[in-house]
Amino acid sequence: MNRIEKLHAKMRRRKFDAILVDSPFEVLYLLGVEASFNYVEISPVLVVASKPYLICDLITLSKIRGLVPEDIDLIEAETLAFVKSDYKYMKEIRSIFRKEKVKRLAVTTDQYANAFGSITTVRTANLVARMGMVKTEHEINLLKEAVRISDEAFTAKLKLVEEGVSELTLRSEMDVGLHEKGGERRSFPTIVAFGEHTAEPHPVPALRRLGKNELIMVDMGAVFKGYGSDLTRTGVYGKPTEKQTELFNLVLTAQLRAIDFLKPGRLASEVDAVAREYVTDKGYGDFFPHLLGHPCGLMRGGIFLHPTSKDVIKRNMAFTIEPGIYLPGYGGVRLEDIVVVRDDGCDVLTRAPKELVWKREQSL
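Using this note's numbering, you'd call the opening residue of the sequence shown number 4 and step up by one each time.
I should point out that these hints are in silico values taken from the structure, not numbers from a laboratory.
Do not rely on the hints blindly, as some may be mistaken.
Said to hold, decoys possible - Straight-line distance between alpha carbons at most 27 Å, and here's what the computed DSS-like set of lysine-lysine pairs gives:
1. Lys66 / Lys228
2. Lys362 / Lys215
3. Lys362 / Lys184
4. Lys228 / Lys184
5. Lys357 / Lys285
6. Lys317 / Lys9
7. Lys357 / Lys215
8. Lys313 / Lys9
9. Lys102 / Lys9
10. Lys313 / Lys13
11. Lys66 / Lys87
12. Lys285 / Lys162
13. Lys94 / Lys54
14. Lys313 / Lys285
15. Lys228 / Lys317
16. Lys147 / Lys357
17. Lys313 / Lys18
18. Lys162 / Lys242
19. Lys18 / Lys102
20. Lys18 / Lys66
21. Lys266 / Lys317
22. Lys162 / Lys147
23. Lys18 / Lys104
24. Lys13 / Lys104
25. Lys91 / Lys54
26. Lys18 / Lys162
27. Lys106 / Lys54
28. Lys162 / Lys9
29. Lys147 / Lys94
30. Lys91 / Lys106
31. Lys184 / Lys162
Between the sequences and the hints, there should be enough to build the whole structure, so can you do that?
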């Protein structure tokens, strides 16, 4: 059973006549398309009723026409109607709904949630994303390749870390490295932060220059055939202080404890708690302001390693494990690896060096 057939079965069990999927990531996942795009430029909509219909504007169609399976009913939207409808496929969707006699509809985002007044519409958050949580071995191999690219790019560019380099310069070099090692694009805007700037979980790189014995944080990821990696490393250029060493070792221990605990059958909240309680016991619980980890792959969404999550971990799920401590005005430490859950534990895919001291003369 392919992915669209699985979605159709879920739809029928919930007594929907159709489901409308308009997230580009989810549409590409359901179609089995393994490619990277500028997601600002493509806007496909997949309507699954008695059969699947894919609606595309002229720009989207020019990019994915040759990638769409032959059994998909591909519809090119009327350009003027698309633009006049505020870039929605209202004309084409209404035509499908009349043909399919749709009375009860599921939507996966809010884009079309209130667009069809005469049809009962239900928002089904995370339905498709949850389908993709358990990866096939093929998907895991794609993710491994994305991880390899970011690992090698980070390692290769560490030689450029030196006193006086700016956050923006180092970020640019990290981005070049992602492409040199085979990345199709970045998973997200690369983060490079120095000194007190590392106290922000997601800082915007600036012209700030690196000084001696300062913290450095790099958060980066590569996309390979649509699957994205995510890597964070924090270290010190020079000689670390006692406080820097304490924070690094604390975050590293919290991460390793969570990784060791993660296996099928655990609750997502239990995994988060292993790291969070350790950080809290050491007096830094108020400075760990985000979840422990998020799902990895093609789509955005699914199961998160969060303090309130009751979701059960299953084999072949992939997550980041990324505890962090951020002290305002001082700096912060975050370490992030990607792991895949296996039968009795998990495999750590990330291989980038995880060391406190970063020196230019080091052979990394």
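Here is how each hint holds up against the structure:
1. Lys66 / Lys228: OK: Lys66 and Lys228 at ~14 Å, within 27 Å.
2. Lys362 / Lys215: Since the Cα atoms of Lys362 and Lys215 sit roughly 10 Å apart, the hinted pair holds (cutoff 27 Å).
3. Lys362 / Lys184: The hint holds at about 22 Å.
4. Lys228 / Lys184: 14 Å, holds
5. Lys357 / Lys285: 21 Å, holds
6. Lys317 / Lys9: Answer holds: Lys317 to Lys9 is near 18 Å, not above 27 Å.
7. Lys357 / Lys215: Roughly 20 Å separates the two Cα atoms, so the pair holds.
8. Lys313 / Lys9: Holds - the C-alpha atoms of Lys9 and Lys313 are around 24 Å apart, at most 27 Å.
9. Lys102 / Lys9: Answer holds: Lys102 to Lys9 is near 22 Å, not above 27 Å.
10. Lys313 / Lys13: 21 Å, holds
11. Lys66 / Lys87: Roughly 22 Å between the alpha carbons, so the hint for Lys66 and Lys87 holds.
12. Lys285 / Lys162: 34 Å, violated
13. Lys94 / Lys54: Holds, at roughly 18 Å.
14. Lys313 / Lys285: 26 Å, holds
15. Lys228 / Lys317: 24 Å, holds
16. Lys147 / Lys357: Holds, at roughly 18 Å.
17. Lys313 / Lys18: 26 Å, holds
18. Lys162 / Lys242: 17 Å, holds
19. Lys18 / Lys102: Holds: Lys18 and Lys102 sit about 18 Å apart, inside 27 Å.
20. Lys18 / Lys66: The hint is violated at about 34 Å.
21. Lys266 / Lys317: 7 Å, holds
22. Lys162 / Lys147: OK: Lys162 and Lys147 at ~24 Å, within 27 Å.
23. Lys18 / Lys104: Satisfied, since the Cα-Cα distance of roughly 14 Å is no more than 27 Å.
24. Lys13 / Lys104: The hint holds at about 19 Å.
25. Lys91 / Lys54: Holds, at roughly 21 Å.
26. Lys18 / Lys162: 58 Å, violated
27. Lys106 / Lys54: 16 Å, holds
28. Lys162 / Lys9: Answer violated: Lys162 to Lys9 is near 48 Å, above 27 Å.
29. Lys147 / Lys94: 42 Å, violated
30. Lys91 / Lys106: 20 Å, holds
31. Lys184 / Lys162: 16 Å, holds
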